[in-house]
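J.: Chain residues, written in single-letter form:
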Amino acid sequence: MNSYAPILVLGGLAAGFAIFSVVSGMLTGPKRYNRAKLEAYECGIEPTPQPVGGGRFPVKYYLTAMLFIIFDIEIVFLYPWAVRFDSLGWFGLVEMVFFILTVFVAYGYVWRRGGLEWD
Amino acid sequence: MSVLTSLLAASPGDPTNPGGGLGGATSTVTNTFTAPHVEYRALMPMLVVFGAATVGILIEAFLPRTRRYWPQVGVSLAGVVVAFCFVVANHGMAETTAADAVSVDGVTLFLQGTILLLALLALLLVAERGTGLVDLDAFTAQGATTPGSGGERAADAAGLRTTEVFPLMLFSVGGMLLFPAANDLLTSFVALEVLSLPLYLLCGLARRRRLLSQEAAMKYFLLGAFSSAFFLYGVALLYGYAGSVRLSDIATAITSSPHSDVLVLAGVALLAVGLLFKVGAVPFHAWTPDVYQGAPTPITAFMAAATKVAAFGALLRITYVALPGLRWDWRPVLWGVAILTMLVGAILAITQRDIKRMLAYSAILNAGYILLGVISTTSKGVSSTLFYLAAYGFATIGAFAVVTLVRESVRGGSDSGDGGEEDSVTVGGEATDLSAWAGLGRRSPLLAACFTVFMLAFAGIPLTSGFTGKFALFTAAIDGGAWPLVIVGVIASAAAAFFYVRVIVLMYFSEPLREQGAGPIVVVPSPMTTVALTVTVALTIALGVLPQMALDLADKAAYFVQ
Amino acid sequence: MESLIWLVPGLPLFGAAILLLGGKRTNAWGHLLGCLAALGSFALAAGLFFTMLGKHGAARSMHQHLYSWVPVPGTGQHPFQADVAFQLDQLSVVFILLITGVGSLIHIYSIGYMSHDPERRKFFSYLNLFLAAMLILVLADNYLLLYVGWEGVGLASYLLIGFWQAKPSAAAAAKKAFVVNRVGDVGLSIAIMLMFVTFGSFNFGTVFGTAGGASKGTLTAIGIMLLLAACGKSAQFPLQSWLGDAMEGPTPVSALIHAATMVTAGVYLIVRSHAIFDLSPTARLLVTIVGAITLLFGAIVGCAKDDIKKSLAGSTMSQIGYMILAAGLGPIGYAFAIMHLVTHGFFKAGLFLGAGSVMHGMDDEVNMRHYGGLRKYMPITFGTFFLGYLAIIGCPPFSGFYSKDKIIEAAFSKGGTSGWILGGAALLGALITAFYMTRMVIMTFFGEKRWVPDAEGHEPHPHESPLSMGLPMLLLAVGSVAAGFLFSMNSAFVNWLEPVTGPRAEGKLPGGLNSTTLSIITLAAVAVGVAIAVVKYGTGKVPAVAPRGSFITVAARKDLYGDAFNEAALMRPGQYLTRTLVYTDNRGVDGAINGLAALVGGTSGRLRRLQTGFVRSYALSMFGGAAALVAAILFAKL
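Chains as they are written, first to last, in the working numbering: chain C, 1 to 119; chain D, 1 to 562; chain V, 1 to 638.
Worth flagging that the hints you see were computed from the coordinates, not collected in a lab.
Where hints are given, some of them may not hold.
To be verified - Facing chain V, according to a computed beta carbon distance under 10 Å, are these residues of chain D, among others:
#1 63
#2 160
#3 273
#4 276
Given the structure is predicted, the values throughout are model-derived calculations rather than measurements.
We treat Cβ as the ideally placed atom computed from N, Cα and C, and that holds for glycine.
Modelling step: build the complete structure from the supplied sequences, incorporating the hints.
T.: Shown next, in the form of structure tokens:
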């Protein structure tokens, strides 16, 4: 149990700080609202205007996100292979080529089915 | 694929690195790492299926829309058949491979063979497109269109087909092949997700009643993800306890570790949640009726039969290989689950009015029976579970195949809205309401006879596979000392016989429903469904009349490697 | 050859399956396939017989193990082993030859007989099923498989008797046959259960081998239950009532039921189980009593019936009574029971086919009072029928003489008072048989025409039947003439069966009789019977409407009040019992059951409400379940 104590302490401190910040801000801060203040984020691009009750979110965002994940995963596996390249030898190389090919099949599917066209 | 699992398995599964999971693991691993040895022959069934799935994706990507169907059917059937041949060729194998991530032994091979046969039959149902006179495609023309929208009508009118179902099926089959073979918990988890994700998608692709189908897919996905989280949490706790995710290491840790049992017991319970969710045991069954009802019927058949086989395979391996030392702890809990499952399945099935929902509750009930085999913790229990899974799987696919053929008739034009003559009668969606099945025996005696065979098998009437299977399971359970469970099982069977026989009575002794002259109609399928139906009927009867060969096979297959 | 045993029942079974599953597509050639299946089975049976002839002693018994159905090793007291295995020994080979031989002839005959029936194909599939079931019955090497065949015979007879189910009388007759048989079946199933409990096996070899170790009471109980079973299938007193009504089926069916299959099953069962009966004199005595009563009962009924088929049915009952009597006599009688069974198979099949031929020519008229003088119009039918007649009354050297004479002799040689009584009954039976058979022949073929026009005023035009019907009758007539003589040469038949039924005990005739004098006495009795009939029917006019007759005649016309007895002794009390039970059931049991059902239904309805369709509540239930699971497993540990 001892070894977990610092983590618990850290967690407690973090929670305490978060609560302290929010509560103290509420109590002490001035309350002058304008439109920008009511946005979810006060910087960056304007969020897409949404109708009442949610509405439909363009699927393109998801496609992009998933495309990113395809290559992200690839990197995740490529990195340990690169580190252990010597001990894995030819076996590793061949397997990795197969792996990358497989990922490219997914890429090819997305490309052919129009996933890369924004409009 | 194999390097994927080996990389996943290599670092945490390293026995020289106990408890070194968190901070300074990297340095220790560096010194002991060796390339894993991969026995490709043992992995061939899975590699072939995944390979076929990949080819399927390429077909989707590079062939024009109208020319995809036959190549897809060919590739998927060939993939499954070749994989089955490899399973047969591997008979008698007993080894672990890919850094002990996968173990290929009797249980694995028997279940893989069963899954592949079930997948083959299910593929035939999935590939059903009708005979040219009637369109029996179970899948939506274009999944991305909103139900009821103009886009949907346009896609229907253009005759689009969702041929992605074939690679999706194959990916799911691949996951199912890996699930009972997984020798460490991480591989188990990966297999679980690989088999589940395509199923979530497939559930939402029904052609008719699309909103229901999409709702089912959504429910299945959310609850499935929820249960996966439990499973993963359980894996984490077990890793924390044993310092390894490999099943045999966990077994050793349980017998030798001085640590408190709380961690391992909580881990086992959470792991069980994930597995019991997949097999549809109470109280994790709530998704079953909704999803079975909403999903396209061929997919329901596949899910009900093959998923159950895979999930019970994993449950068997985890309980028999990793947890024999905790027998006295998990058995009482599974007792409770089995009793609840049998009772809830039987009781709720009685009031169902929809044939697919009734079969869903029947699936829950059968999960309860199969748990008896798991609980008995004897090799007899294993072999009877194996046999029952096969017997149940074939009957289930057959029963759902019959469901696909009883259709509603729609007056005045097809429901796709492309017009038609005013008083013509066209084939609609499946007539799943029980009242529509009244008098089926008179209109279509052969089909009714087939369904009768499956119902009798589910009810456990002698000379059907259900009787042999239940007999073996109950005997094994009694040998394992679980006779109270057997009593509950027999009571549940009696209650279940009521609703199985009720369908038979309805088919043969009730007047057919004739509302405005447009009652349900029985469609003539292409040879695909006919073959699937014939094979399942033949197997259901053969496993009841001549069960000896299959029983021997299951007996011989009832061994694990560590 | 040994490995082909399974095909003997297999061929007709496949035939039935093809015809039933093929449906209307097989209408055109269905009857031919049915005949081929039967003939193929006969050819195989003959081949097996000759194979057997080529061997000697114990090697003659052949065995084929097909597979074991759900063996359960080591649970409970005895391992449960249900084999599907066939045993072909000297006894079963006789049966399969008879069944397939006579069966094939009846198949061929039916082509002509049923040629106008739109459902002929279905008829042939049922016939094939009948043969297959009967063959399984006699080939089984254990009681469980025998039971399968036994039930199959019951099913096939139900389907065939009720073949013209549009006729209410046929449907009722089929139901009656089925229900009465069921009583016997219960006996057989109880006997099988007793055997399993006592010997731990269903296998003939094991049961008979260890029968000596069982207690006398158990053996007697098994024997009585087997007798009950035999009474059902073989239409013996008190379960005889279905046989007469079974004439509602098409005539080939009657021939098949009476000659080759079904009614012989009971005799087979008793002779096959002789090891049990040998050890229980009580059971054996009961068998002889049942046989003696039935042989007189049937004969008396046969005298009074005007319906040619019903009269023959009474005759069958009586002849089977002879066989049962012989089987009950023990080692001195087993072989003769079977021998009479075979000769009876020939002449009774011939008589039935002859009767069918007469009916065919007389526009389905069955009343003998409306026949008369037919011998000129149907010479072949008359000739073959007459040969069968000579055989059944036991006129030397026709086949019935050899077998029946031996049974009478065996009955007398049982010894003691019971020997005198049984022998006397058998002798009296022979006299009555001669009487009613002579009556039948005279009324049908001799005298003047008493034909009546049908409802539309058409006179019947009796004519000889087609060749497909005539040929089987001729072949059967050959059997009626020659079989008995061939079997008796050097006691060939008795010696043949000896390995199965055990060495034949030589009985001693009492009171200074010897077999020659007894034969003469028997023949004298037969002559008296014939003479009475000739005087009564051959010389005077036969009235077209039956005279009232004495009270015995009236009783016999009503099957000696068999149905009335059943009604009074079984049906009425049964109805009272069921009414009482229904009352108790409604008040007591149903209350409980309905309460339970309501409880289950209510629970179901309430549980259904948990199935809300909302993912959130499902997830909550899962979470609750997971928490409960964790709590349970931890709690169990503490």
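J.: Run through the hints listed earlier and report the numbers of any the structure violates, in increasing order.
T.: 1, 2
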